[in-house]
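Visitor: Counting in full-length UniProt numbering, the sequence shown runs from 1 upward without gaps.
It is possible that some hints are incorrect.
Below 25 Å or equal to it, Euclidean Cα-Cα: the simulated BS3-like pairs (lysine-lysine) are [unchecked claim]:
1) LYS78 x LYS90
2) LYS95 x LYS35
3) LYS35 x LYS78
4) LYS78 x LYS95
The set of hints was computed from the structure by calculation and includes no laboratory data.
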Amino acid sequence: MTEKSLPHDHGQKIEHQLKDMPSVDSFQTVADIFKQLGDGSRIRIFWLLCHCEECVINISALVDMSSPAVSHHLRQLKAAGLITSRREGKEVYYKAAETSQAQLLHHMIEQLVEITCPSE
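Please put together the full structure from these sequences, using the hints given.
Guide: Right under this line is the structure:
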């Protein structure tokens, strides 16, 4: 952030303290990740993929949703960088991305709803 002169001086000198404030793009990245929290089914699918790697058909059965609905959520999670996929023959497998953002979101979900990981 460039040095700014604020219109009203309240004696806080906040413009000096926030001279290194992240860019608008950085905050948009955070907003895009938080958008994923706007749908309970998507959070559930993401949480599941934090614990296993699965195909769409099995994810659909585990969360009791249609394959097209699951595919829709998977596209959004993948676009946000929260999950990854790999192809094996005709099958595509999904799992949580191995990023600090995905891990943080996973832990936040579990803390907010007091869920325990199946592996713990």
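Visitor: A separate judgement is required for each hint: does it hold in the structure or not?
Guide: Results of checking the hints against the structure:
Annotation: proposed proximity of LYS78 to LYS90 holds, straight-line Cα distance about 19 Å (limit 25 Å). As the CA atoms of LYS95 and LYS35 are separated by approximately 19 Å, the hinted pair is consistent with the 25 Å bound. At roughly 13 Å between alpha-carbon atoms, LYS35 and LYS78 fall within 25 Å of each other, so this suggested pair holds. Pair hint LYS78 plus LYS95 holds up; C-alpha atoms about 10 Å apart against a cutoff of 25 Å.
Hint compliance for this structure: every hint is met.
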